Amino acid sequence: MKARIQIENLSFKYPSRPGRSRSYIFRGLSAAFEAGSSVALLGPNGAGKSTLLNLIAGHLKPAEGRALICGADISETPSDEAAKLISVVPQEHHPAFNFTAREMILMGRSPHNGFFGIANESDHEIVGEVSRKTDLEGLLDNEYTKLSGGERKRVLLARAMAQRTPVMLFDEPEAHLDIRHQHMFFKSISGLARDEKKLCVYSVHNPSLALRYSTVIVLMDACGENIIIGPTAEVMTCRNLETAYGIRFAMTREGASGPLLYVDA
Amino acid sequence: MSKRIVTVIIALLLMLFAPGPGAAETKNAAPVPYQGLDFASELKGAPERIIPLFPQSLGLIYLFSEQKNVVGMPFTKVRVSLHKGGFFSQADRAVMLKKDIGYPGMPNIESLIGFKPDLIITPSNFHMKANRFLDDMKIPQLRVHGTFSKTQHWLEAVENFGKIVHKDEQAKKYIDYFESKLELVRGRVKKAAPERRIKVAHLVKTGNKYTAYGQKSSFVKSFLNDIGCEVMGFDGKDNAETPLSQEEIIKFDPDFIFIESITHAGGKVKADLTEGFWPRLSAYRNGRVYFVPIDDESAFLTCWYFNLAAPLGILWTAKTIYPQLFEDVDIDAEADRFYMEFLKIDRRQMLQANESVKKSAGK
Amino acid sequence: MSAKAKAWFIAASIAAFISIAAVSFVAGNYGIESGKIVSYLTGRGALNENERYIIFEVRLPRIVMASLTGAVLAAGGVSMQAIFRNPLVSPFVIGLSSGAALGAAVGIVYLNASAAAIESLSFLFGIVAVFASYLLSGFGRETTLLLLFGLVATSFSHSVIGLMQYFADPEHQLPALTFWMLGGFDGITLSSLKYSVPVILVCMGVLYAYSYKMNLLTLGDAEARSLGVNVAAAKFAIIFFSTLMVCSCVSKAGVIGWIGLTVPHISRIILGPDNRFVFVSSSILGAAFLLASDDLARTLTPGEIPVGIITSAFGAPVFAAILLKYRKSGWN
Chain Z
155 MKARIQIENL
165 SFKYPSRPGR
175 SRSYIFRGLS
185 AAFEAGSSVA
195 LLGPNGAGKS
205 TLLNLIAGHL
215 KPAEGRALIC
225 GADISETPSD
235 EAAKLISVVP
245 QEHHPAFNFT
255 AREMILMGRS
265 PHNGFFGIAN
275 ESDHEIVGEV
285 SRKTDLEGLL
295 DNEYTKLSGG
305 ERKRVLLARA
315 MAQRTPVMLF
325 DEPEAHLDIR
335 HQHMFFKSIS
345 GLARDEKKLC
355 VYSVHNPSLA
365 LRYSTVIVLM
375 DACGENIIIG
385 PTAEVMTCRN
395 LETAYGIRFA
405 MTREGASGPL
415 LYVDA
Chain U
28 MSKRIVTVII
38 ALLLMLFAPG
48 PGAAETKNAA
58 PVPYQGLDFA
68 SELKGAPERI
78 IPLFPQSLGL
88 IYLFSEQKNV
98 VGMPFTKVRV
108 SLHKGGFFSQ
118 ADRAVMLKKD
128 IGYPGMPNIE
138 SLIGFKPDLI
148 ITPSNFHMKA
158 NRFLDDMKIP
168 QLRVHGTFSK
178 TQHWLEAVEN
188 FGKIVHKDEQ
198 AKKYIDYFES
208 KLELVRGRVK
218 KAAPERRIKV
228 AHLVKTGNKY
238 TAYGQKSSFV
248 KSFLNDIGCE
258 VMGFDGKDNA
268 ETPLSQEEII
278 KFDPDFIFIE
288 SITHAGGKVK
298 ADLTEGFWPR
308 LSAYRNGRVY
318 FVPIDDESAF
328 LTCWYFNLAA
338 PLGILWTAKT
348 IYPQLFEDVD
358 IDAEADRFYM
368 EFLKIDRRQM
378 LQANESVKKS
388 AGK
Chain P
57 MSAKAKAWFI
67 AASIAAFISI
77 AAVSFVAGNY
87 GIESGKIVSY
97 LTGRGALNEN
107 ERYIIFEVRL
117 PRIVMASLTG
127 AVLAAGGVSM
137 QAIFRNPLVS
147 PFVIGLSSGA
157 ALGAAVGIVY
167 LNASAAAIES
177 LSFLFGIVAV
187 FASYLLSGFG
197 RETTLLLLFG
207 LVATSFSHSV
217 IGLMQYFADP
227 EHQLPALTFW
237 MLGGFDGITL
247 SSLKYSVPVI
257 LVCMGVLYAY
267 SYKMNLLTLG
277 DAEARSLGVN
287 VAAAKFAIIF
297 FSTLMVCSCV
307 SKAGVIGWIG
317 LTVPHISRII
327 LGPDNRFVFV
337 SSSILGAAFL
347 LASDDLARTL
357 TPGEIPVGII
367 TSAFGAPVFA
377 AILLKYRKSG
387 WN
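Chains as they are written, first to last, in the working numbering: chain Z, 155 to 419; chain U, 28 to 390; chain P, 57 to 388.
Some clues are possibly wrong.
Said to hold, decoys possible - Lysine to any residue pairs mimicking SDA-like chemistry, simulated, CA-CA at most 20 Å apart:
1) U:125 <-> P:357
2) U:200 <-> U:371
3) U:111 <-> U:124
4) P:62 <-> Z:270
5) P:62 <-> Z:296
6) Z:215 <-> P:286
7) P:381 <-> Z:297
8) U:71 <-> U:82
9) U:126 <-> P:278
10) U:104 <-> P:356
11) P:384 <-> Z:301
12) U:71 <-> U:162
13) Z:300 <-> P:379
14) U:143 <-> P:108
15) P:60 <-> Z:295
16) Z:215 <-> P:278
17) U:226 <-> U:346
No wet-lab data here; the hints were simulated from the structure.
As the structure is a computational prediction, the values presented were derived from the model and not from experiment.
With the rest of the complex left out, here is chain Z:
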């Protein structure tokens, strides 16, 4: 199935947020993302990155409009069907029970395995394949809770990959990772989009990472009203970033692997 996210006239109403004046966010947002893109949701804290991600995942229900994933309205899709369209890589967490890395990755196969989750040969092959790609082969029988932060993140990525969905969502993939692991992780995400024609959408705090690895940028300002969507080169200008974040940025075109962005305040 060809990956496609289509957002039509989307608005979201917060149930109640004490101390915040606005209860609506996005107000008729429309956008479309195609297979093979890696989309960064960028903006300051409270702009609504996670809200938009949750709307696309179907965890939140829009007040108006809809989000179509591969043509299906996600908030109307039963969760077992939705899980075949979208996989989510959550932020790092500590489960209360000590599953092994293999068991965690196998859980990615649950939407395909029926009620009782019995894994067959091909499921084990898929686990082998994704763990090769994420460099986890030697760690499969270790307890997930005893792995390092970077390894845990890769297990979650492998689980999403095992889910074999056209659309993959990532909640702040750089969180809790050192700078080397951040780059390695984003490299894997771009690889998924480029080589496997997945549609990857992630929220991200560091504009440099978005500049370096994303093909499409959704840039929101602090109140989620002005949203700029477009290819990276067009959206990532110092002026746009300054409007969104309210601090000065500078950019140089002379980096070894493309332009470099830094804060110039």
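Please arrange chains U and P on chain Z, whose structure you already have, making use of the hints.
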């Protein structure tokens, strides 16, 4: 959302039906407190293997000298001491050879059946799980009103048990004795008609806790009320056991305080009283705090306010409150006679064995 | 541990359970020789009327109910631990036990009801307490809220029970209430089992079918949803069926502690966290543990010891030993 509410309500309704058949099965009969004999037809002649299920009913056994026919005892709650001259050494030397039937009201049905009883004395006042099995096995049961909080409960049980063991005369003799003492006291107090009702508090001491109300004292309370006393907290009903309220007793300020304790510890009890609020009470200052006599500490059924020896308690209380009215009554001699006549026990010996216990531990 | 080793472990626990059950038929204060029972069962010997009664009317219902209750409490513990993502919650965590006790208190103190009616009332109140917490917390959407409302239901029931004890008639009702609270399997008859046994078996079956969803639920609601679980429906089914079966047992046998906590924990140490195995082995071990405890309860003394005392006496030290292990290695 509304769909979910409907689901939950339907689910709840379904759950309510789940136990329905179980409830319908035995809608009948909450346990009605009654006294009497079940499966009497199974009883051929006087019983020879008796099991009293709870300690309060032991008085029946010894009153009718049926100890040789008893096979099981609730030893969890009956502490037997066989010191020379004491209650058990005189009345029932072989008591320790009897089987233990465990915690009263919660017997082990297998043990119970294994002892092959031909009469079980059970409480009628609450529903015991083992009743179902005893009924199935058609074992004769004498149901008695466990705590004997009313005089008539106790006397009725005496009459019933007397019939079963074919000792009606003994039952009649005891009941007559009991009633004559009650009548004597009531009559004299009524005739004398004291101008003022005397204020009395009756407390039960367990461990270091004083209880002002409770089923253990309701018999005593109604009796005190009958002989012209104003009893603290008396309302003719059985109250829940309630710890003594210091404010209440200070406000009531009784003339007499009777303390019933089956956990005497010699002189130590009295030492307790010198502290706290006690010295504020006029009963204490006038030396009118009394411990109810117990002839043998190790046998609670020798307590004078308890069912068996209650006639002695009646006399002793009356003489303590109205010394002039009952000048002619020699309580000690009366008690000696009572023990010899009804229990075949030498009370002098029993008291010697229990020197630590003073028969009326005044202040 | 490989799947094969897990299967062997489960087979071994079944064998242990069967041997305990066999011992339970022979053990008892009445004293019937095992040879006599075997020859009766194989049709070669006879038992007298008392012996038949003891084995089939006294021991058999107890054995059935004690094993089922053990299985139900352990499996209920596994289910609730998955819902709350916490290995330290018991099946009583959202108000069930205190609600059931309140129902019994109402039956004894206000309605002066028969034993069967008291049982039904405690069943109903236990269920109402759980569903009050469930509805108040917005259909269990917020797990923390559900836990806290469970706490509210528990404390509220306890205060009402206290009030009832205070006003109870001390001669008839107070001892009846006290004995109900002590619990135990004395007084279980075959006829009282004919409704609860099918209910319990159905509930166990449904919950076992959900055991894989429980694995996913332990990761958190959002993650479970993105892995394809209908979280609201799964939570409702798990709470509904575990409440139904735990309540049927509690209303008959009173509140028996420690099994729902200790047994799943031991199973997890041996088998790992996969609930498809933990559920089965906890049920079997729970049944074996409670059956053995009940055997002790009815044979250690000539009387009855409330079985809850025995399960705590064994459960608490075992749990302490497990915790000491964690002190060395850290919780996770």
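Hints violated by the structure (listed by number, smallest first): 8, 9
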